[in-house]
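Colleague: For reference, the chains in residue letters:
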Amino acid sequence: MAVLLIAEHNNKELRPFTLNAATAASQIDSDVHAVIIGQNSADAAKQLSELPVVKKVLSVEGAHYENFTAENFAPVVVKLAENYSHIICSANTFGKNLMPRIAAHLDTSQISDIIKVISSDTFVRPIYAGNAFATVKSNDAKKCVTIRPTSFDPCESSGGSAPIEKIDAGEEFSNTKFVKREEIKSDRPELGTARIVVSGGRGMQSGDNFKLITEIADKLGAAIGASRAAVDAGYISNDHQVGQTGKVVVPDLYIAVGISGAIQHLAGMKESKVIVAINKDGEAPIFSVADYGLEADLFEALPQFMEELNKLNTIQK
Amino acid sequence: MKILVAVKRVIDYNVQIRVKEDGTGVVTDNVKMSTNPPDDNAIEEAVKIKEAGKASEVVAVTVGEEKAQETVRKALAVGADRGIHVKVDGILEPLAVSKILQKIVDKEKPDLVFMGKQAIDDDCNQTGQMLSALLNWPQATFASKIDVKDNKLEVTREIDEGLETIEINVPAIVTCDLRLNEPRYASLPNIMKAKKKPIEEIAASDLGVDVSPRLEQLKVEEPPKRKAGIKVANVAELVQKLKNEAKVI
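So the sequence lines, in the order shown, correspond to chains A and B.
Numbering of the first sequence is given in my numbering, commencing with residue 240 and proceeding in unit increments.
Numbering of the second sequence is given in my numbering, commencing with residue 338 and proceeding in unit increments.
Pulled out of the complex, with its shape left as it was, chain A reads as follows (with noise of 0.2 Å):
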């Protein structure tokens, strides 16, 4: 039986990590089909068609699938499983919020946030904010996976030519209406794909400061992270906070500024190929993690930070 991805976009594009659970899919089987459910979102539909992992696309588009409302979307995935052994998203909030609901609609245990496939029914994920990896086996019929979209490579793009077949829209769910969404526009790279991030803690101390982390990150062509109690404080807006409740980053260079290193903001980034720790306190838990860290008062030493990168004649971008 072939497995069924479902794909996270914008009605316009796809969304990147969707590349991403397209790899762990065809890591379960090589027979993938893929759902996109949206509004006016055949271009997106189209690019999907052209991975060439994927070998056929499920179109449903309705105004109602517009702004991605589990419960709309829930049903509809339902309704194909019966041909499916597993049913496969991202483990990022438009995962978390869907699958499950899927998966109690089929009576199945869901297998949350995988890192690792090791056969069909059994695959490895992290518990306890990653301070343990489980490895589990599923003897449900049908599984239900979301995937850790840094844990699996993004699958090649373009290539695939993969035929599109519509399928009728569900009934709209009236109780559930989308208000708003505020995105945050920027020119940065996104933090869940960054090659360099840079990131804040308490330590900043204000949101102005953060400015001279916007700065160095400007300079490496870097994402911007925090830290919880930086987001808490006010510093900085939720959508850059890394770690067990925020978001889960892999970059080549992980700089923590100002940040002592709580569990919970360990388990975002400690995967980080390379690791940074700047702190004032030579006892904080980040440097446990560091491949190289610095023991100094961050005001004095971003700035310095700042001037050796603009002597080198060259940066990576």
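Calculated directly from the structure, the hints in this document are not laboratory data.
Heads up, a few of these hints could be off.
What the hints assert, rightly or not - Listed next, the stretches of chain B that the computed footprint assigns to chain A, with coverage defined by at least 3 CB atoms under 8 Å from CB atoms of chain A:
#1 341-354
#2 376-390
#3 428-439
#4 497-506
#5 521-533
Stated by the list, open to error - Think about it this way: if two alpha-carbon atoms lie no more than 16 Å apart in a straight line, the pair counts; the simulated EDC-like pairs of lysine to aspartate or glutamate are:
#6 A:LYS424 / B:GLU504
#7 A:LYS416 / B:GLU504
#8 B:LYS568 / A:ASP536
#9 A:LYS376 / B:GLU553
#10 A:LYS376 / A:ASP392
Stated by the list, open to error - One side only, chain A facing chain B, incomplete, derived with CB under 8 Å:
#11 SER288
#12 PRO339
#13 HIS344
#14 SER400
#15 GLU404
#16 PHE417
#17 VAL515
#18 LYS519
#19 LEU533
#20 ASN549
The beta carbon of each residue, even a glycine, is placed where N, CA and C say it ideally should be.
Given the coordinates of chain A, assemble chain B onto it according to the supplied hints.
Modeller: Okay, now just chain B, sitting in the frame of chain A:
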């Protein structure tokens, strides 16, 4: 309006997790346990709504072993009116918990069910959404702001792209984010008073729900350790290392 709040007992968020040597799980003996942090936010929000005169009763429910009742008692100490403890031992998956909660909802007929968005032990992030599916109710997950308006709620949700606002008709499920509010501490007089508040005990077996796990946990292991890093003396050395040793800038 009646609000049911589900709470879970988990290893305290400050405890350093240790994996058992035999790979069967994590060490829980003699480890500090607490209410799952976002469940505290769920209780706080329900109590605030009641204090604002918009709810008549707040009922706290937990599903789990004998000691799980501590979490209900704590909820009573910060303002819940009464408690329910559904007793069941062993591993419970979110699907089983949501089926049990469905039975409690059938019995209690609340207008709203609140709970934390995710438990910090299994990190599943499923129960609220599963319960709303079983009840065919609207769901507002990852809530960071709730406005109660007659028979509707306007809820701001934290999503990857920023914030989303939705309007849902009651009855409804809300799963709470840590930023929803600042949970209060229980005062000593309120802890004493909470001891007199009623907690109904129900055996899960009496609810007619199959709670047997569908997933086999084959092993639990420690994540690979990072190799120890070094301390650099100054910024110039740091930048040189990043450029020439790690080759990341």
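Colleague: Let me make sure I understand: some of the numbered hints might not hold for this structure. Which ones are they, in numerical order?
Modeller: 2, 5, 6, 10, 11, 14, 15, 18 and 20
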